[in-house]
Every structure is written in C-alpha cells, then in structure tokens.
Amino acid sequence: MRSRILRQSANRRSVIKAATGAAAGLYAWGIPGKSYQRALAQESVIQQILAIPGAGAQPTESDMQRVGELVLEPTKANVQPGEFQGQQLTFLGLNNGGVHNLVFRPLSEAGQEYTGVQIEWIDLPQNEVFARVQQSIVSDTIDFDVLEGGAPWEGDILGQGLASAMPDWVATQVDVADYVKLLQPPVGTWDGTTYRLSIDADAHNFNYRSDVFANQDLAAEWSAAGGAQEWGVPQTWQQVQAVTQFLSGKQLDGEDLYGILDECAPWGGFGWYFFASRASAYAKHPDNSAWLFNPADMTPYVNNPAFVRAAQDVIDALPFEPSDQVNADGNRTWQEQFLAGIGSMLHWWGDVGSNVYTNDVSVVQDKVMFSILPGSDDVYNNESGEWDTLPTGPNFAPNEAYIGWGLYVMNRSEASGVNKAAWSLAAHLGGKDLGTWTAVYPSGFQPYRTSSFNEDLWATTGLPAEFVASYLASQADSYNHPNGAIEPRIPGIFQYYVAAEIELARAYAGEITAQEALDAAAAAWEQITDDIGRDSQIGLYQAALG
Amino acid sequence: MQDTPALEISEPRVASAASPEGRAIFGRTLIRVTSLAVLALIVMQFLKTAGVTEMGFANWRPVAVALLAWSASLCLGMVLSRGQHGERAVFLLPAVLLTVAFVIFPTIYALFIAFNSWNLSAAAGRQFNGLDNYRQLLNDGGYWNAMKNMGYYVTAVLAQYVIAYLLAILLNQNIRGRKFFRVVFLLPFMLSPVAVSFMIGKSILNSQYGPIIPVLEALGFTNISFYEDPWLARLNIMMLDAWYSIPFMMVLLLAGLQAIPFEVLESAKIDGASSLQTFLHMIFPLMLPVSLTAIILRVIFELKLIDVVRVVTGGGPGSATDTISLFIYREGIQKTNVGYATALSQFYLLIIIIAITVVLWVANKWVEKVT
Numbered sequence: 001m002r003s004r005i006l007r008q009s010a011n012r013r014s015v016i017k018a019a020t021g022a023a024a025g026l027y028a029w030g031i032p033g034k035s036y037q038r039a040l041a042q043e044s045v046i047q048q049i050l051a052i053p054g055a056g057a058q059p060t061e062s063d064m065q066r067v068g069e070l071v072l073e074p075t076k077a078n079v080q081p082g083e084f085q086g087q088q089l090t091f092l093g094l095n096n097g098g099v100h101n102l103v104f105r106p107l108s109e110a111g112q113e114y115t116g117v118q119i120e121w122i123d124l125p126q127n128e129v130f131a132r133v134q135q136s137i138v139s140d141t142i143d144f145d146v147l148e149g150g151a152p153w154e155g156d157i158l159g160q161g162l163a164s165a166m167p168d169w170v171a172t173q174v175d176v177a178d179y180v181k182l183l184q185p186p187v188g189t190w191d192g193t194t195y196r197l198s199i200d201a202d203a204h205n206f207n208y209r210s211d212v213f214a215n216q217d218l219a220a221e222w223s224a225a226g227g228a229q230e231w232g233v234p235q236t237w238q239q240v241q242a243v244t245q246f247l248s249g250k251q252l253d254g255e256d257l258y259g260i261l262d263e264c265a266p267w268g269g270f271g272w273y274f275f276a277s278r279a280s281a282y283a284k285h286p287d288n289s290a291w292l293f294n295p296a297d298m299t300p301y302v303n304n305p306a307f308v309r310a311a312q313d314v315i316d317a318l319p320f321e322p323s324d325q326v327n328a329d330g331n332r333t334w335q336e337q338f339l340a341g342i343g344s345m346l347h348w349w350g351d352v353g354s355n356v357y358t359n360d361v362s363v364v365q366d367k368v369m370f371s372i373l374p375g376s377d378d379v380y381n382n383e384s385g386e387w388d389t390l391p392t393g394p395n396f397a398p399n400e401a402y403i404g405w406g407l408y409v410m411n412r413s414e415a416s417g418v419n420k421a422a423w424s425l426a427a428h429l430g431g432k433d434l435g436t437w438t439a440v441y442p443s444g445f446q447p448y449r450t451s452s453f454n455e456d457l458w459a460t461t462g463l464p465a466e467f468v469a470s471y472l473a474s475q476a477d478s479y480n481h482p483n484g485a486i487e488p489r490i491p492g493i494f495q496y497y498v499a500a501e502i503e504l505a506r507a508y509a510g511e512i513t514a515q516e517a518l519d520a521a522a523a524a525w526e527q528i529t530d531d532i533g534r535d536s537q538i539g540l541y542q543a544a545l546g
Numbered sequence: 001m002q003d004t005p006a007l008e009i010s011e012p013r014v015a016s017a018a019s020p021e022g023r024a025i026f027g028r029t030l031i032r033v034t035s036l037a038v039l040a041l042i043v044m045q046f047l048k049t050a051g052v053t054e055m056g057f058a059n060w061r062p063v064a065v066a067l068l069a070w071s072a073s074l075c076l077g078m079v080l081s082r083g084q085h086g087e088r089a090v091f092l093l094p095a096v097l098l099t100v101a102f103v104i105f106p107t108i109y110a111l112f113i114a115f116n117s118w119n120l121s122a123a124a125g126r127q128f129n130g131l132d133n134y135r136q137l138l139n140d141g142g143y144w145n146a147m148k149n150m151g152y153y154v155t156a157v158l159a160q161y162v163i164a165y166l167l168a169i170l171l172n173q174n175i176r177g178r179k180f181f182r183v184v185f186l187l188p189f190m191l192s193p194v195a196v197s198f199m200i201g202k203s204i205l206n207s208q209y210g211p212i213i214p215v216l217e218a219l220g221f222t223n224i225s226f227y228e229d230p231w232l233a234r235l236n237i238m239m240l241d242a243w244y245s246i247p248f249m250m251v252l253l254l255a256g257l258q259a260i261p262f263e264v265l266e267s268a269k270i271d272g273a274s275s276l277q278t279f280l281h282m283i284f285p286l287m288l289p290v291s292l293t294a295i296i297l298r299v300i301f302e303l304k305l306i307d308v309v310r311v312v313t314g315g316g317p318g319s320a321t322d323t324i325s326l327f328i329y330r331e332g333i334q335k336t337n338v339g340y341a342t343a344l345s346q347f348y349l350l351i352i353i354i355a356i357t358v359v360l361w362v363a364n365k366w367v368e369k370v371t
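In the order they appear, the protein sequences are chains A and B. Counted the way the working numbering counts, the first sequence spans residues 1 to 546. Counted the way the working numbering counts, the second sequence spans residues 1 to 371.
Bound conformation, chain B alone:
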C-alpha cells in the first residue's frame, strides 16, 4: 500500500477564512483597509475644511462615526490576526483609543489652537498668529493677578494640612464615638463644592440676610460684609475651600496613621519617649510619604479652583479672589476668545507640570534624607 503522506505534501495549502492563518490574513487586511479608508476620509475632510477641494461632508460628524467603526474593526482585526495576544490587546484598546480621543488629541489640538487668533465672532474665523497670544499673556495684568492669587490659595493648603493632621490624630485615638465622628468629619467632603458655596458663602454669610448677621450685630459689629475687603474675601474663600477639602486630607492621613506598625510606637513608649518625641521622631517621619501625597494632591486640586470663587464672589471684589481657571473661563467662554484662552491654559499646564515635578523631586530627596 502506498502511504498517503506524499499526497499531503504535494497538495498546495490554501488558506481558508476558517483556518488560523486565514483568519490572521483577514484580520490584517481588515485593519489595513479600514485604516486606509478612515485616513482617506480624514484627509478628504481636512482638504474640504481647508477649502482645497469641494468633496467632503458638511461637517466632521461622519468622520467621527467612521473613526468609531474603525476602532471596532481594529479590535476585531487584532483578535483575528494575533489570536490570544490580540484578545489581550483588545482589553486595553478601548482605553487607549479613549485616551487618544479625549486626552492626547485635544491636547495636541489645543497646542495648535494656542498659536491662533480665534474670536468666535470673527467672520474670518481662526487665523494663525504665531506667538502673539503668548506675548499678550506676558503683559496681561489680570492673568498674573490671578496667578498671584493662586499662590495665596496654594499656600493655604499648608494650613489645611495642619488642621487635617490634628483631626486625623484625634480620630486615631481610642475615643468614644470615634466612628461617628469619622463619618461626621467626612460629610463636608461628600457635599458638592457648589452647594457648600451657596449654603455657606452666599446664604449664611450673606451681608444682608445671613443668619450670622444678627449675631454679629448683637456683638456690636456694624456694616458687616464678608467679601468687601480683598483680604477678608480671600480668607473667606480659603475657609470655604478648606471646609470641604480638609476631610479629604484627613482621610489620607488617618489611613497613614493606622498603617504605622503598633510595635514601633510601643517600642518608643518602652524606651521612655514622650508623646511629643514619639510624634516628632517616629510618627511624623514615617508619615512623610503620606503627607506629601496628601499635600501634592490637594495642591493639584487647588490649582484648578473655580467653583467656590465662581459662586461666591465671581472673582471680586474687583479681581481680589480671581483664579486662573475663572480667568480662562471668562476669556474663553464669556469673551469667546478661544485662541488666547487656549494659550493661557497651555501656559498654565506647563507651569503646573514644571512646578509639581520640581516639588516632587525636592520632596523625594528630603524624604530620603529624613527617613
């Protein structure tokens, strides 16, 4: 009898869609064809928008739909072409695509817009203006005034830290009703800053109808106003901000305190260290990484401050409580000066990145040295 394997060798292998290889080829083809198609659509629409050709859609919406379809085909193509590896990639792909669509692309596009004069009322539309926005920014007193205010607000985070630390230590003690107080102290953090601003900033501290006014009048105060004096206004904004922000820091610090091994504190006690010595030489150094995390997170949140100020003072009196976010909001939304507002945002982002990087580097060096 003849062996059959000879036949198998001589028979040409035809890849079918059902075979793994066929699926791989189909997957790769799908990715290439759909990628080329969507790229062609983007180029076509871009040329139409630029006025080079007539062919294209009335707006970018069909291209956005095509991009969604391409994303789906990319996922399918990855699975078909790369099998198990492709399936793993598909788990990540939606997140990657969303990040590209909603973070990376807008950032790059914003960088481009920042070099344009784009007043929404201008019939001419967007016009490239080079570095003009950045030159204007350097001479914009309002922007630098807001930047100065941000310095005040960020400095206030240190006071918030101290208060949060004290509260965390208090709640870490074995006191009666500890769990109750932990929940109560967290309540402000659960409230919307806008609601807090309205309830306290606009209502309780209202200079005409606020329930606190009769109390102060009974104490002999007259012409009471919480936001007329620039520094008093700033302090009130800081206090409102602190009211709902301190619990956040407190929770982080409390978690850090609870993570300190009991044996370490017990050994310090056995060695005869006082409570103050234990705190200064044991707890505080051990808590430094947590403290820095809490402070840096709060600083980052603080740099975006807008809600409280927008509701309570609108940046006033004058520009005494203005913030960068509010300044950009006015420039971009109310004055519809999109190009300049984008340049302001980009510049602010750059400053934040540099400042936080420097602070983190210095802080890490310090923590290493201390611990």
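This is chain A alone, in the form it adopts within the complex:
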C-alpha cells in the first residue's frame, strides 16, 4: 500500500489538476482587473465557484475564502453592511477529517467581514457531538446559537422547542423548494413549523472498484470457479458475500484484493448505519414502512431473522477481509482503506464519491463507480414471519442513513439578540450555489438540492462524465427510492444505535453469536423505550413513518 501511494504518477487526476489548477489558482487569488477574472465575471456564480480549485485538487483555505466571497450576494440582499457589528455567534459543529467546521470557517470569512458578526467555533468529533448537545439541553446550558445537527436528533431538539423557526426571508434566500425529496417535510419540521436549514442529504450508496469488476482475468477465474452469474458488480448482498470470498487471496497489479469492507467497531452510534445498510434489503419490506420497530408497541425488530442474517453475513465475510477489520471504524473503511486502494466494495455515505478525485489520500481515480446499495433475493416479512420472494425480483431498500446534516438556530439567539445574524450565517452556508460546491469538493456533505444534480455543472469541474453520471445516479436513486429505509426521528435514537453497535461488535469479535448479540440489543432497545417513555415513542415513531 505504501508503495502504491508512492507510485502515483501521471494519471487523469494529475492531468486535470494541471489543466485547471493554473486558471483556478489565478482566480482563487482574486487578482483584480485581470482579463481572466473579467472573463469569469460573465459566467454564473456557480460556474465560477465550481472552477475553484478544479477537479484533481483539494481546496485550500484561500480557495474556500474566495468561494465564500463569491456566494455572498444573496446575503447582501437581506443584510446591510455592518448590520451585525458587535454581535457574536457561537457555532457548534464537527471537525471530522478536516471538513465540516474547518470548511465553514473560511467559507464564512467574507460574510463576517461584510456583516461585522464575530463567530466562535466549537469543534467536536462526530462520535461525541450528540452527547455534548444532549448534555447542554438537559443541563439548560445551551451555549451555541447555531448547531450543525442531524435530522435524527430532531426529536430531541425540535421536540423540546429549543430551536428558532425559520423566517420566511431565509426560506426564500436558500430556496427550500430546491431540496431533494428526502429533505422535504416532515424532515426539518415539527408540528408543521420549519426549523431546519439543510446543508446535506445522507444515504448510504454502494461504492465499487470498476477496474476489479471489469477485469477479464478475474472474470475467467470467476467462471472457472463456478461463479453463479456473470463476473460483474454484485447486485445483491448474496453476490457480495460470494465475491468477497472469491477475491480473497487474489491480486491485481501486484496488490492484494479484498471484497467488501465492513465497519465493525462502535462509532458513537454511527456504526449502526453500516450494519443497517447490510440489513435493509433483508429487513425493509416494500409493503411495510416500519423496519426497526413494530409501530403498534415499539417492539424492536432488530433481533428478527433479517437482522440476524445481516449480522451473520458480516461474521462470515470477516475472515476474507483485511486483517484487523474487526476493529475498523467508519473513518478507516473509507479513507484509510477504500480511497487508499484497499477493498473492492464499500457501503458508505456519498463522501466517498466527492473525494475520489479531490482528496489527497485518494489513489483510486478512474477506478471507482457507484450504485444504490445491493438488494436481496428475498425479504423478511414482519407481518407473516416468512421470507418473501418478490415477483419483481430482488428487494432493494437503500438505507437513507442519517437523512443529512442541517443547521438549526437555537432559541438562545433570540434572547441574546443575534437571531438574524444566526439565520444569516446559516443561510450563507446553506446557500443554493454553495450547496453544489460542497457536494463536488470535500466538505462532509452530499448533494442535497435538485439543482445540484445537473451533470453539465459537474462536467465544468473536469470530472469524467461517466463518473459524475454514476455518482449522481446512485445518490438520486437512493434519495428517491420508493422502498427507502427511513430512520425514525424519535428522541434518543442514538441511544438505540449505540446499544446495538456495542452488541454487534461483540458478535463480530466472536464473543457471542449474531442471534445473542441482537437479542441483547433488542432487550436494550426495550429498556431505552421504557426509560424514555413508551407511549410518547410510539406516537412519534408512527408520526415519523407518516
């Protein structure tokens, strides 16, 4: 692997980088009065920002400052220069992988200069952020005006009336109608009032190595080994299992090959999503929107045969995965492994796609394509207790994992007189043009606007058209899938996830069986439901299911 990284030579990425770098670099420096800038000024704002820094490059801080400056016009339409002079905002967000808050900071610098507002940033790692927020809520010490939060937390935040309703001018400025279907109400709303300003949409998609599945030598070996279907991208989890076993011990270009990369270590509740992606095709029946709990009484489904089968799949695949995979968390699977060339298949959020050509650690340019999550030949029916084979073919149920990050302005901002400043900052960061830029470049966010799915726009960055089409299709098809596995926006949802991932980790390590682990998880889920209040949870879960 080390040698692979060192061997990076001229490839499409470096060529693109060279071609776009000089021009974009000139622009990023903002050299006033230059002919290059005058030419760009005639382009739309979105075309201008997508050229910064251009495909094949990771945006620098000055790139992001420049982008923040270019998308300031909508703010200027609603805020006078210096209007927030003397006001201070506190923004609580993430610092994962050098993105999130670390991208927001330079993006908001021009806005700070224009409005006069001062921003104090609170950075937290992903696996600690919700616990920090919840402690602030309970101890009545909310010390932030703007929160970067997830839709699953809305039961805890909006349900307790802690957030400020979105003003009409903000809804107009950011064009909320442009949000993808997944983010339309009820997401972001509570009792009919909108609180959330979206900056992301989340679903797990399937990232695979196109060079592996197009390799003729492997195809021949697969056929010789009695492969059940043509050598190609697996369409079902059953095929993923078979391919993972087949690839074990094989090499491509002198490097060891591996199949699926499973996330096995607890990750502050986020580890649950990787297991849920393995399970959704087994557990989410097209005839039933509920797949985690029985909506009548909140009895967990997590220990039913569908989830047990998914856990057993991971246990069965682990011997064929890279060493120490049992300790791999989400950060390792996508950055240290998949982008670094280890593994052929990965279920993850769309960050993988937006980093293939733009992240400095990536060595898989021109080798990655995408689809929605694999399906299953049969699906478990909670009503009948039987496995159903659908007449339409395999059951697909993309895991709408986490729904997406959003910005929430807290009530505290009203009391301290900074509410408009807070909403202005949120509207700037969640602006329409910026939404496409954050989807294209490493930011921690995926496309969340219909307008971001314009392939022509992505093409202007120099990304290969086939890559863009594959990536955007995997995202759009996941967001809009009729059998999408939606997670409930109920209070304490991460407690359920943490409890489950701890038990699953024990099963993956061989301490207990899959059934024992999920029985323990189900017992913990029952306890959590009782602790939080079963009746209220039933009502909120039913409301979340629609």
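The set of hints was computed from the structure by calculation and includes no laboratory data. Predicted model only: the values in this text are computed from it and were never measured. Honestly, I wouldn't trust all of these hints.
[What the hints assert, rightly or not] Pairs of lysine to aspartate or glutamate residues, derived as EDC-like cross-links and limited to a Cα-Cα distance of at most 20 Å, are as follows: (1) A/76 x A/109; (2) B/148 x A/511; (3) B/48 x A/140; (4) A/250 x A/230; (5) A/432 x A/175; (6) B/202 x A/329; (7) A/250 x A/316; (8) B/202 x A/336; (9) A/250 x B/217.
With chain A held as given, fit chain B onto it using these hints.
What follows is chain B alone, placed relative to chain A:
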C-alpha cells in the same frame, strides 16, 4: 479632686463597629444573615425545581453566585468575629469550601442520582427507581467483563514493578551517562498518554501503514494485526500503558534506593554478603514501604484506565480490552443513561475503597513482619 474612674464605671459601654467587640458582633451577624439568606434561596429554588412553588429563578446559576457571595462573607465574618483565629481559619476556608463544592457535594449528589432512572432523552426527566440500577448492574455482563479486564490490567502492574525496579537499580549504579539515562527513561512519563497511544498504538502499530509492518513482513509474517486477537490486543494495551507508567514507578523506587544509608550496604559487604544476598536480605526489605507505595499508587491509576484503550481499540475487539471507566463513559455519555452510569461509578468506587483498604492493611502487616 475627684477621681475620674467613677465616671468610667458608671458610663454604659456601647459597642461600636470600630471596637473589637463591635467587629465581632458585626461579623457574627454577617455570617448569620448571609447564611440564612443563602439557605432561603436554596430552599426557594429547590421548591421551584420540585414544582411546589412558582417563585424562584429560571435556573440554579443565581444560587451559585449567591453561594460565592456567601463564601466571601463567611471569610469576612470569621475574621471580624474571631480575630486572629478567624484569619487562620480563612486560610483554610477556601480549600474547605472548594472541597465541599467539588468533591463532597458531587459525591453525595451522585449517591442520590444512583437511585434514579435518568435518561437524558426522557421527557419525564429523572425518576426515583430505588435499587433498580444496582440490580441491573449485578446482571450486566458488559460491566463484569470490564471488571475482569481490570483484573488483568491491575495484575500487569506487578510486571511493571519488576521492570521499574530493575531500571531503578541500573540507574542507581555508578555508570557512565547516568544522569542522561535518568532523563531519557523519564521522557515517556512526560508525554500525554493520548499522544503515546496515537503515536505508538495507532500509528507505529497500524496494521496497514505502520512502519513496523514491513519489518515483520520481511521476517516472514503475514496478515499482521496487533489488535485482532483478544489476548494480543490486551497485551498491547498493557505494553502501551507500561511504556509511560514504568518511569513513574522507577522514579519512586530510585528515590527509595538512594535513601538507603550507605553504611548499611557497606556493612553487609564487609560481612561478606554477595550482591544477591545484599539485595534479598537488605535492600528489598528496606525498600518494601516504597515498593508498596509505588504499587498501590499505580494500581489506583490503573483502575481509572481509559485514555489508551479509548484511543487505540475503543474497548475492542468486541469487548476484549474494555475498562470500567470506558464502560461508564459509554453508558453515561454516549447512551446518556445518567442514573445507571452513576450507579456503576458508585459501585466501582466502593469496590476500590474496600480493595485498597484491605490491600493496605495486609501489606502493612506483612511489612511489619518482614522489617
């Protein structure tokens, strides 16, 4: 001429604020009034919080400020009312008040919380649930698994002691570069355990990128992983822990060795004792109090182990390297199950107090017997 003293006797003594007695009265009054005021505020806020009355503050912050003001008035009142004795007390009072505020009160409050079901997501808030948390604890396999791991980690302290002892003896010799090695051997102790965990545990021992991997591959090892096997993972955690902990024990033992009177060792030498005999019959017994202090201090630190495990394995694979502190962290912080996490902490504290008390008593008896 008439004497004036008659006038002095007949004139009533009026205590003024400037007189010592007046100051004393003022001081006592200040303490009583402010104490009553702050007590009234606490009761008022408590009744508001309990939903009995409407009167009170939005939160406890004003009461905390009042307590600070009361602390200042208490200090002032002590000086005024008790003079020099009061001044002496004032030197201690801040420490006493801080101890009460940050140790005694939280401990008592935690004891109370431990008898409650308090899930931070629960709309109903905190609910008294009697002994339920302790019943749950007794049947919690994860907690007892972590307790078992603590047994392993504590046992490893004995190995650390042996290594630290050998290093201390080495550095107590008249060797070239002794001072240099003393500083070098202390370096790991100066580093943050989190930094050590990341540098060694996560980077050097990384199963994919670790610089040690090519070396091991050249030696013929394949599929190298330092944390996949439960026992190997535990051993690696123990070694990381030992790496920055041994210097601490070594310093204590070295100080003990240097405190042994030279005459004692010289007389043993004159009597013809070999180096081994001198160590077994002179140095080791004389060093027992220092050794026990070093071991017990390390055991207490070890019982709180969390940093290395949290950074390197997160308690995995599965729960193979889990510790009690990490288990409580997950329960209280990630699962926000405050009542149960507090009960786990209280129970652990009780076990530590009993175990350390027993160990100290046995150790003292043994030391008395040996020395």
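Q. Checked against the structure, which of the hints given earlier come out wrong?
A. none
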